[in-house]
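Participant: Now for the letters of each chain:
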Amino acid sequence: MSLRIVVTVKYVPDATGDRHFADDLTVDRDDVDGLLSELDEYAVEQALQIADEADDAEITVLTVGPEDAKDALRKALSMGADKAIHVEDDDLHGTDAIGTSLVLAKAIEKAGYDLVISGMASTDGTGGIVPALVAERLGVPQVTLLSEVSVEDGVVKGRRDGDAASERLEASLPAVVSVTDQSGEARYPSFKGIMAAKKKPVASWDLSDLDIEAEEVGLEGAWTAVDSAAERPARTAGTIVKDEGEGGKQLAGFLASQKFI
Amino acid sequence: MAEVLVYVDHVDGAVRKPTLELLTLARRIGEPVAVALGNGAADTAAALAEHGATRVLTHDAAEYADYLVVPKVDALQAAFEAVSPAAVLVPSSAEGKEIAARLALRIGSGIITDAVDLEAGDSGPVATQSVFAASFTTKTRVSKGTPVITVKPNSAAVEAAPAAGAVEALEVTFGALATGTKVTARTPRESTGRPELTEAAIVVSGGRGVNGTENFAIIEALADSLGAAVGASRAAVDAGWYPHTNQVGQTGKSVSPQLYIANGISGAIQHRAGMQTSKTIVAVNKDAEAPIFDLVDYGVVGDLFDVVPQLTEEINTRKG
Ligand SMILES: Cc1cc2nc3c(=O)[nH]c(=O)nc-3n(C[C@H](O)[C@H](O)[C@@H](O)COP(=O)(O)OP(=O)(O)OC[C@H]3O[C@@H](n4cnc5c(N)ncnc54)[C@H](O)[C@@H]3O)c2cc1C
Ligand SMILES: Cc1cc2nc3c(=O)[nH]c(=O)nc-3n(C[C@H](O)[C@H](O)[C@H](O)COP(=O)(O)OP(=O)(O)OC[C@H]3O[C@@H](n4cnc5c(N)ncnc54)[C@H](O)[C@@H]3O)c2cc1C
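Chains as they are written, first to last, in the working numbering: chain Y, 1 to 261; chain X, 1001 to 1320.
Chain X on its own, in the form it takes in the complex (with noise of 0.2 Å):
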């Protein structure tokens, strides 16, 4: 059966929650051979194998946190070289986007970004993609070289699927162009203990109706309620009541949880463009004609500074 090469996202050895969604979608076009680089890159085949990972290629260089982009490139170009995948699947995050780019101009090979699902089709991987704020649903292929495509995070079930996952040392040499970006300081992010936003299964999000930082304690209480992620409109964030990290929407994350709570939130294209493929949408407006309502499953016209804490009220009450 032929290979396709999936790449790693992790942190420190524990692999994202998207690569292993990319692991469910790989295994219906072959069997998966991961790439994992970096710092913990062998840690991560455990979790890889049990998603089945037949092999897990790894390779540790202070390249790969010291400069930007293109020494990941180098690798994963060699690693193309030495599998010769049927298809390379990258996470769609932002430098997954820019990775699996030059390694498709690279290897050329026409590059598919941002797909939400993929089968398998009579001449390669099908993608399907989710375009115009989400008001369009493509299906896409690449027509010259081995298909590299990028997925979005909630494309997938995840499905444990063990496989042996054998670990081999993957052999990169570095080009000239990689050491042309140097990463000179790094602020991690700090973690606020609530579900990364784009992996979430409910995320809740409030918007200029919030008005202000502290008021941010009514949505943050009623996503702990559901054990849901923060999320916020540029509005919210351009005021600075909440992290731009947490900002949904076209220039921010892209969402697709289960359940998406909008707060506040009007419904502008540009913030749909991120929550519009949210399986259930629900929305509290003290204004009936916002356009969020036209998404909505569930909508309350009221004042969120009432609404919300009786629903966190109600939410704790029916869980005690």
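Okay, chain Y solo, but in the shape it has when bound (with noise of 0.2 Å):
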């Protein structure tokens, strides 16, 4: 039996770019070069990895974004995933983490799955709680925060390393599963795989296809509502010294002036 596998992968402003928010107070997509995010790019790798160890496995990459965000599907179609889906409609504009939640498990419902193989956090957002959220929504085990994963007859195993130990974790599928950036370096998409990428399947749904109701996204759904966004003033320039033989001296005047020492 096949194991089908869902990847969600987000489509985040370049976090190297000038960053900021629009007037409604999301994210101004226009300005800044959009990409995949880099943190999704590791679960689209271990998906690759758990789908070459089974005998039969199907991989889907689903992202909830703009137009654009097909970049981000076809990003990861060429590095080998089989096929994409892309969630648009309008007022999807401005969802929170729970409406995300929301259209992204009925979505991996409609889509069909075993396995869905999430980052660990955007970053944009950087919640790192869609998963967790996910989970709940579809009532399968979570199995997040993973730096390393294996699935084998049908069970899924894993390492999460928290603050105050390392655990070793175990679920049945059908489960929703995170990696950090520890579970193992992402592959670069091959030219063959770029070529193969332009003729993979990405389907386009829109919320009527997922039975949701204008309401219960966008900004007008959102359960979070951001009042104000202020640019952080830029920190006042710093004294900066050349190490002449007394920099680090020097340093030490400058803390106990501080009062840290």
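Keep in mind that the hints were calculated from the coordinates and are not lab data. Possibly wrong hints are sitting among the right ones.
[Claimed, not checked] Derived contacts from chain Y toward chain X, CB cut-off under 10 Å, selection only:
1. Gly125
2. Gln142
3. Ala165
4. Pro201
5. Ala203
Using N, Cα and C, we set each Cβ at its ideal position, and we do this for glycine too.
Two chains, two separate frames, one set of hints: put the complex together.
Facilitator: Set out below in structure tokens:
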């Protein structure tokens, strides 16, 4: 039986660009180039490795985002995923994490799945809560923040390195997994992969395909409201000295003046 | 006065500092009621009472240690139903955020993650978030249900405020999902004797410039002279020079100490995301053009192998 893997991937503004907010206090997506959230590349990579180990597996990459989010799907397809689903709808603008998890869960159910793999966090919202929310909605185990993951005989196993301890985890499929950037370097798409990706199917779904009402998502449907967003004032220029033999002592003097010593 | 649920992060009854900070913030919006789960839950009461908990709801069961996250969500939900609080506050650890998120969904409430400050507003608590690698500050409210907010360590000064802290047993019924993810083994982290990275008042970090595992002794010696925690950049961690648990940045720990000293770290955006809110920032880097110098209050352009040992020696002399 085929192992159906769905990888959730987010399209985000480039972190090295000048990220900022639009007038409605949602992320301005026009001024900064977008890309596949780098942390989701690790999710795609682990899906590819799990699929390699399985007798028969199919990887679907899923994104919820505007038109340009197709770029994130193309990147994942060129890494080796089999097909893609793009959930796109004007009413999705401004959706919060709770709403995003609703759309993802409905789409995952519609697509059919045994295993969902997500990144540890997006590189823009950085909430790190969507995988847990999706697991709660689907009513399946969450096996999250794994730095090591494997699937065998319908059981997913992994290692979660927490603050107080490192834990070994185990759950039966179906399950939702999220992986960290410690899980293993993500591969670069090969030229062949990039060419092949152009022919892979990308399905487009909107809210009506998922039986979701517009009021449940978007800025209006969000359960949180951003009242203001202010750019942090630039730090005032500090003192910079060149070490000419006394740099350590000078620094000690600064620390003493600030009462750290 | 309205009650505010505070989820307690503790290790075998020893309350971690971020929870005490939460109690301080909780008092701005109501009367804190603490929820402590698992081994040693009741032992947390004294510390919690001293910092303002009017009540401490406790429950212990093997499920908390044997299964991931969900048993704690079931318990927090039971506490929520018993108390009907005005808000729920949870420390912003990886696990704390997951617990908070699932609770929020179950009780039909919005969730704010990684708040760095909290105040009472006309229509419920207003949270401050520091976003886009700390380049923006936002004010956010929960607009539906009971606000569930996770708060980052070092977001408030701990204040003592003695309260009753009456211990009450919480009744918890675990749901079908509670035993979904089994913890089959656990290796506790060995203590280094140094302060916890996210809680430390001073953090001394090393990057690729440290150039080797043994050389980290220079960084550790400086840290010890200041009673500081040791941090590392991802480049240093990926090279295997220091454990991942000490990584500072977007995918490591986010720290906000009084003083952050970056040694041999260039200051990439992902590193800055984890330390840019530090009060005072100091860097030692041999490249005068390194972006970290844009952030510093004091920077030394120089070789860390010269500067850092001299600094450590000078601190030890001044102290002695
Ligand atoms: C600066 C900022 C602050 C925000 N703060 C909050 C807040 O406090 N509360 C709140 O409810 N919302 C908040 N949002 C909105 C929220 O980030 C997004 O609505 C949402 O896409 C999910 O949260 P995340 O990006 O934090 O995802 P995370 O939970 O960090 O993402 C984890 C994983 O989930 C998957 N995933 C997440 N989003 C998508 C997607 N659109 N398509 C496919 N896969 C996805 C990916 O695999 C990703 O790696 C914030 C957004 C921004 C930009
Ligand atoms: C999705 C993603 C997540 C990431 N998460 C993180 C994260 O959480 N934390 C993190 O740190 N990075 C993270 N990174 C990596 C980040 O982009 C940088 O690669 C990394 O921070 C570089 O580490 P560094 O500054 O130690 O090394 P480099 O950038 O190589 O800088 C080394 C510096 O040391 C200086 N130096 C060298 N020798 C000496 C000497 N003898 N004396 C003084 N100075 C010297 C050099 O001048 C240079 O400035 C992430 C990247 C991605 C894509």
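Participant: Taking the closest Cβ pair, is Gln142/Y under 10 Å from chain X?
Facilitator: The hint holds - Gln142/Y has a Cβ within 10 Å of chain X, the shortest such distance being about 6 Å.
Participant: Hint check: is the beta carbon of Gly125/Y less than 10 Å from a beta carbon of chain X?
Facilitator: At about 8 Å, which falls below the 10 Å cut-off, the nearest Cβ of chain X leaves the hint on Gly125/Y intact, so it holds.
Participant: Checking hints one by one. Is Pro201/Y an interface residue toward chain X, by the C-beta closer than 10 Å rule?
Facilitator: Violated - the Cβ of Pro201/Y stays beyond 10 Å from chain X, reaching only about 32 Å at its closest.
Participant: With 10 Å as the cut and Cβ atoms as the points, is Ala165/Y at the interface with chain X?
Facilitator: holds (5 Å)
Participant: Under 10 Å, Cβ to Cβ, is where Ala203/Y needs to be relative to chain X, so tell me if that hint holds or is violated.
Facilitator: violated (27 Å)
The structure fails to meet hints 4, 5 from the earlier list, while all remaining hints are met.
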